[in-house]
Structure formats: C-alpha cells, structure tokens
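Protein chains: 2
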Amino acid sequence: MTEVATARRSRITPEREAELYEAVLDLLREVGYDALTMDAVAARTRSSKATLYRQWGGKAELVAKAMRHSKPGHLADVDTGSLRGDLHAFALREDDCQMEQNSALMRALAMATHANPDLLRAFKELLIEPEMNEFRVVLQRAVDRGEVRADNPALEYLMHMMLGGFAARTLIDELPPTREFLISYIDAVVLPALGVPVV
Amino acid sequence: MTEVATARRSRITPEREAELYEAVLDLLREVGYDALTMDAVAARTRSSKATLYRQWGGKAELVAKAMRHSKPGHLADVDTGSLRGDLHAFALREDDCQMEQNSALMRALAMATHANPDLLRAFKELLIEPEMNEFRVVLQRAVDRGEVRADNPALEYLMHMMLGGFAARTLIDELPPTREFLISYIDAVVLPALGVPVV
Numbered sequence: 005m006t007e008v009a010t011a012r013r014s015r016i017t018p019e020r021e022a023e024l025y026e027a028v029l030d031l032l033r034e035v036g037y038d039a040l041t042m043d044a045v046a047a048r049t050r051s052s053k054a055t056l057y058r059q060w061g062g063k064a065e066l067v068a069k070a071m072r073h074s075k076p077g078h079l080a081d082v083d084t085g086s087l088r089g090d091l092h093a094f095a096l097r098e099d100d101c102q103m104e105q106n107s108a109l110m111r112a113l114a115m116a117t118h119a120n121p122d123l124l125r126a127f128k129e130l131l132i133e134p135e136m137n138e139f140r141v142v143l144q145r146a147v148d149r150g151e152v153r154a155d156n157p158a159l160e161y162l163m164h165m166m167l168g169g170f171a172a173r174t175l176i177d178e179l180p181p182t183r184e185f186l187i188s189y190i191d192a193v194v195l196p197a198l199g200v201p202v203v
Numbered sequence: 005m006t007e008v009a010t011a012r013r014s015r016i017t018p019e020r021e022a023e024l025y026e027a028v029l030d031l032l033r034e035v036g037y038d039a040l041t042m043d044a045v046a047a048r049t050r051s052s053k054a055t056l057y058r059q060w061g062g063k064a065e066l067v068a069k070a071m072r073h074s075k076p077g078h079l080a081d082v083d084t085g086s087l088r089g090d091l092h093a094f095a096l097r098e099d100d101c102q103m104e105q106n107s108a109l110m111r112a113l114a115m116a117t118h119a120n121p122d123l124l125r126a127f128k129e130l131l132i133e134p135e136m137n138e139f140r141v142v143l144q145r146a147v148d149r150g151e152v153r154a155d156n157p158a159l160e161y162l163m164h165m166m167l168g169g170f171a172a173r174t175l176i177d178e179l180p181p182t183r184e185f186l187i188s189y190i191d192a193v194v195l196p197a198l199g200v201p202v203v
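Keeping their order, the protein sequence lines are chains A and B. Each residue of the first sequence is one higher than the one before, counting from 5 in our numbering. Each residue of the second sequence is one higher than the one before, counting from 5 in our numbering.
Watch out, some of these pointers could steer you wrong.
Which copy is meant is left open, because identical chains are indistinguishable; a pair holds if it fits in one copy or across any two.
[Unchecked claim] Result set (SDA-like, lysine to any residue): computed pairs, CA atoms no more than 25 Å apart in a straight line: (1) Lys53 to Arg140; (2) Lys69 to Val200; (3) Lys53 to Leu96; (4) Lys53 to Ser188; (5) Lys53 to Val82; (6) Lys128 to His118; (7) Lys53 to Asn156; (8) Lys69 to Asp148; (9) Lys128 to Pro180; (10) Lys63 to Leu96.
For the record, the hints were derived by calculation from the structure and aren't laboratory data.
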C-alpha cells in the first residue's frame with residue numbers, strides 16, 4: 005500500500021480496519037491508555053505511524069473509534085416495535101463475557117479521560133454522541149408510536165439513567181454489568197421513568 | 005496533648021476534627037490524592053503523623069472521613085413528610101458553589117480509586133455505605149407512609165439513579181450539578197421510577 009493510497013480513507017478495507025481496531029483494544033487491555041503508543045500500534049499491525057496519524061489523527065481518536073467499533077451492531081437499526089423490546093435488544097447485544105470485558109475497558113478509559121482532555125473530547129465526539137443519537141432515534145420511534153409522551157422530561161435523561169446503571173453496578177455493587185442486571189434495571193428504572201408500563 | 009491522650013478518640017474535640025478535615029480537603033484540592041502525604045497533613049495541621057495514623061488508620065480513611073464530614077447534615081434527619089420533599093431537601097443541602105467544588109473533588113477521588121484499592125474500600129465503607137443507609141431510611145419512611153410500594157424494584161436502584169445523575173451531568177453534559185438540575189432529575193427520573201406522582 006503506497007503512502008498516496010493510504011491518504012484516502014476508502015483504500016483501507018473494512019477487514020483491515022477491523023483488524024487494526026482489534027489490535028488497539030488488545031494493546032489497551034495489556035498496557036492501558038497512558039502507556040499505549042502509536043509505535044506499538046504500528047508494530048503490532050505492521051502499519052506505518054504516518055498512516056495511523058493520517059487516518060485517525062491521533063491516539064485518542066484511534067482508541068475512541070476502536071471502542072465504538074467493538075459495539076456490535078447499531079442500536080437504531082433494531083426496531084422491535086416497542087420501546088421495551090428495543091431497550092432489551094440493547095441489553096442483549098453483548099453476552100456477559102463481552103460486557104464484562106468492555107465495561108472494564110470503558111471504566112479504565114473513563115478514568116484516563118481525567119488526565120487526557122483530548123481523550124475526553126474524542127470519547128464524546130466519536131463514542132458518546134453517536135450512541136446518544138441512536139438512543140434518540142429509538143426514543144423518537146416510541147414517541148411516534150404514542151408509547152412515550154413527547155413532553156416527558158425523562159426523555160432528556162436516558163443517558164444519565166443508563167450511565168448510572170453501568171457506573172453504580174461497577175463502583176458500588178462491584179459487579180460486572182450482566183444482561184440480567186441491565187434488563188432488570190431497564191424494567192425497574194428506565195421504562196417507569198418514561199411512563200411505559202412494564203407488563 | 006500527650007501521645008496517650010490522643011490515643012483515645014474522644015480526646016480530639018469536634019472543632020479540632022473539623023479543622024483537620026478542612027485542611028485535608030484544602031490539600032486535596034491543591035495537590036490531588038496521589039500527591040497528598042500524611043507529612044503534609046501533619047505539617048498543615050500541626051499534628052504528629054503518629055497521631056494521624058492512630059486516629060484514622062491511613063490516608064485513604066482520613067480522606068474518606070473528610071469527604072463525609074463535608075456533607076452538610078444527615079439526610080435521614082430531614083423528615084418533610086413526603087419523599088419528594090425529602091429528596092428535594094437533599095438536593096438543596098448544598099448551594100451550587102459547594103456542589104460544584106465537592107463534585108469536582110468527588111470526581112477526582114473516584115478516578116483515584118482506580119489505582120488505589122484502599123481508597124476504593126475506604127470510600128465504600130466510610131462514605132457510600134453510610135449515605136446508602138440514610139437513603140434507605142428515607143425510602144423506608146416513604147414505604148411506611150404508603151407512598152412507595154414495598155415491592156417496587158426501583159427501591160434497589162436509588163443510588164444507581166442518583167450516581168447516574170451526578171456522573172452524566174459532569175461527564176456527558178460537562179456541567180457542574182446544580183440544585184436546579186438535581187430537582188429536575190429527581191422529578192423526571194427518580195420519583196416516576198418509584199411510582200410517586202410529581203404533581
């Protein structure tokens with residue numbers, strides 16, 4: 005692959021991109037964010053550092069994109085016909101083992117954002133905002149179906165509720181989030197706050 | 005004060021204890037948890053390090069107790085006669101400026117728990133569990149009054165909801181928690197999840 009070719013995003017195949025993201029996540033698990041270097045990513049993936057920087061801009065962006073890529077499927081693409089079904093599908097999109105791994109990684113990265121403003125910015129732009137937009141699509145469908153009132157004030161707080169579930173489960177309960185926990189939390193907190201009966 | 009006298013907890017006056025906690029919080033704001041030393045606390049408060057260790061056990065315990073002490077009043081002591089009143093009183097117990105300061109400190113300390121298991125343990129034992137117990141008293145009163153059903157599954161998740169409000173406000177909204185935000189969040193999420201009508 006020539007330098008000119010790699011300057012165009014489209015020349016990296018989806019397979020190559022996925023392989024690269026996997027390598028980044030492996031390295032993150034091994035050494036953590038602060039000790040992760042673009043040199044190590046380049047060596048592990050047999051890429052040039054110049055290519056990595058040209059394609060992703062920097063370490064923070066590369067890590068945020070790799071995390072985003074690890075999320076299976078797009079939330080908004082799953083349309084079960086009910087808000088409860090859509091949120092349960094979200095809870096079930098990873099198995100417990102994947103959820104535990106990703107949750108440990110997310111927690112470590114959330115901690116690293118404290119000392120790395122560029123990581124916080126990349127996280128928000130490339131990971132949290134796209135996820136929030138997908139939740140907005142799911143909620144809008146529920147409003148359009150008449151399941152949730154358009155003026156329900158909890159619509160603004162879906163990410164707050166979900167983040168609380170994940171964070172408190174890890175920090176207070178000191179347990180990994182599981183499918184069972186998430187479904188229970190969605191039924192006990194999220195749906196009632198949105199005024200959706202849990203039958 | 006002799007070494008023998010300080011070995012007994014009761015010999016430290018509440019005023020002296022408060023003064024000491026204030027100094028610890030000031031130092032935390034200045035240098036952060038990792039750089040905080042018992043030497044610095046001893047120097048700032050004109051205590052001996054031996055006294056500090058005897059009284060508090062270690063840095064993690066001292067910091068957790070200082071944070072706990074900074075919370076004004078006890079949640080469970082405020083009995084307004086309704087759950088909404090009690091939770092609003094909780095939201096109003098600090099002014100916006102205190103809340104912003106304490107929230108920044110809590111966030112920094114939460115990050116520090118990642119690398120300091122002793123701090124995580126002290127935080128849970130001396131700060132989170134006492135607060136959870138106070139919330140349990142408040143919730144039990146609401147159950148006893150018939151405001152909340154004893155089998156409402158959201159009773160288990162009050163800390164999750166509250167933590168989510170604080171954490172997402174800081175991390176996602178990048179805004180300090182304020183009284184107005186907390187009251188809006190309590191009315192939009194916490195009370196509806198518990199089945200308490202917000203009139």
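Evaluation of the provided hints:
1. Lys53 to Arg140: Neither way: Lys53 and Arg140 sit 37 Å apart in one copy and 54 Å across, limit 25 Å.
2. Lys69 to Val200: Answer is neither: 34 Å inside a copy and 41 Å across each miss the 25 Å cutoff.
3. Lys53 to Leu96: neither (37 Å within a copy, 52 Å between copies)
4. Lys53 to Ser188: neither (45 Å within a copy, 48 Å between copies)
5. Lys53 to Val82: neither (37 Å within a copy, 60 Å between copies)
6. Lys128 to His118: This pair counts as both: shortest intra-copy Cα distance 13 Å, inter-copy 21 Å.
7. Lys53 to Asn156: Neither way: Lys53 and Asn156 sit 49 Å apart in one copy and 55 Å across, limit 25 Å.
8. Lys69 to Asp148: neither (31 Å within a copy, 50 Å between copies)
9. Lys128 to Pro180: both (23 Å within a copy, 17 Å between copies)
10. Lys63 to Leu96: Cα proximity of Lys63 and Leu96: none, with 30 Å in one copy and 41 Å across.
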